[in-house]
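When you get a sec, could you build the whole thing from the sequences and use the hints?
Here is what each chain is made of, one letter per residue.
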Amino acid sequence: MTPLTRTELDGLLDGAARAWLDDALAEAASHAAARTTAGAPPSPPSRIPPWEVRFAAAGRCCSPEHADAVRTLLLHEARADLKTLTRLYRQGAAAERRAVLLSLPRLVDSSAALPLVDDALRTNDTRLLTAALGPYAAAHLDSHSWRQAVLKCLFTGVPLDHVHQLAVRARGDAELARMLTDYAAERTAAGRPVPPDVHRALALAEED
Amino acid sequence: MRIFDPHIHMTSRTTDDYEAMYAAGVRALVEPSFWLGQPRTSPASFFDYFDALLGWEPFRAAQHGIAHHCALALNPKEANDPRCTPVLDALPRYLVKDSVVAVGEIGYDSMTPAEDTALAAQLQLAADHGLPALVHTPHRDKLAGLHRTLDVLRESALPPDRVLLDHLNETTVKPAADSGCWLGFSVYPDTKMDEDRVVAVLKTHGLARTLVNSAADWGRSDPLKTRRVGDAMLAAGFADADVDQVLWRNPVEFYGLSGRLRLDVPPPQTPGDPRGVGGPPLHEGNSILRGGE
Ligand SMILES: [Zn+2]
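Keeping their order, the protein sequence lines are chains A and B. Numbering-wise (the working numbering), the first sequence opens with residue 863 and increments by one. Numbering-wise (the working numbering), the second sequence opens with residue 16 and increments by one.
Just so you know, the hints here were simulated from the structure itself, not pulled from any lab data. Please note that a few of the clues may not be correct.
[Unchecked claim] Ranges of calculated distance between the beta carbons of each label pair, as one might list FRET restraints: (1) P101/B to T1050/A: 30 to 38 Å; (2) D156/B to E870/A: 53 to 61 Å; (3) V1030/A to T132/B: 56 to 64 Å.
Heads up, the beta-carbon is just placed ideally off N, CA and C, and yes, glycines get one too.
In structure tokens:
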């Protein structure tokens, strides 16, 4: 996903939502600043930092269609580190978990956030599956997990267009080709149609 | 007939139920957190349950064309187990979630001091978070339980017009109505109310601030009881608009007090849809389409 910029988002939000986002981003920025100031007192663990309350409330304050964009912007502005991302994912509703997954390519430059991707790929929630299979997974997911994820998309009806760099990672993958062939055979034996995405992925995997 | 079931425990129901509910006209519901039949022994199992009410269950409901919201709380029964009471301290981080439209269900089970504490604390949480509260009346010793509930409500920061008193019956409806709270009737096959008794109460007490729910759960219950009440109302001479008020507009108004109600869930996918069963729900279709690359 190419995250929306603040300017693009402003064009989509109404006045009240824009004002809310101004305040939310300011809170996120001051959180980021406080963290980098030496000796800044940590907020008491029982209190939720204000920007995290905004993170949770983005759907109702900026509408669900823009919640992904607003939340990823907040994470970026707060310069959320892996520890924060992990906590927000674990404590988040599905929509918040999506935003954390969508932010990984921008905020985490190692494979250290893979446990979050793995968690999302274990679910059957297609909102999480699609968010988990972006550029971060394309860059860091090991072959076995990646093939399983592709197959899971086919099982849960997630279009393979959501798998970032499908063609690059599938090319010449003989094991993926075998799995797809077996899956197609299983569908055919059961008298069920083979989804067009299976043929498409198979063609990619059989390329040299 | 469009139906909003303001109290139903879908975690305990099947996809057949979701299909039948959609066919009967159910387009929205609220799932209050409650006891699971088997007592829990640690806060962590509550958190997994809350996560399910904020994640998997709305996803399931959306696939069947039904908008799912929830009410979260520590239920009165388990408020008596000191192993579970730390849930109260964790509730604030759950009550800020977008699909949480009330604190609930709270109230009394055995009317113990621990239940007094949990009820008062959670009414305060509702007030602090701008949420209404779903307060059930106890199954045993109901009338005394209602009066004790009303005493606690009067001392709380939550005004009565932000409280839904549930599981009411003929003996409790009058004092409940006099309190200024919203009135909930649960229609349950053997216990609680049946549809004809609810219609009789509606005739006597009117339709204002009145909600009807199935309270369907893991017990012998019926998720289509809301529809049965609508049919019984029509058979008894109520107009379509009256049915709509009780089964749709009243619950929308009550839970709308949260400012978090979203009712725009598109119809379910038809069989043969290329997205297949389990495909991305359309209600987040835009963001999902943007989410890929
Ligand atoms: Zn209940």
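Evaluation of the provided hints:
no., hint, verdict
1, P101/B to T1050/A: 30 to 38 Å, "violated, 53 Å"
2, D156/B to E870/A: 53 to 61 Å, "holds, 59 Å"
3, V1030/A to T132/B: 56 to 64 Å, "holds, 59 Å"
When each numbered hint is compared with the structure, a violation occurs for hint 1 only.
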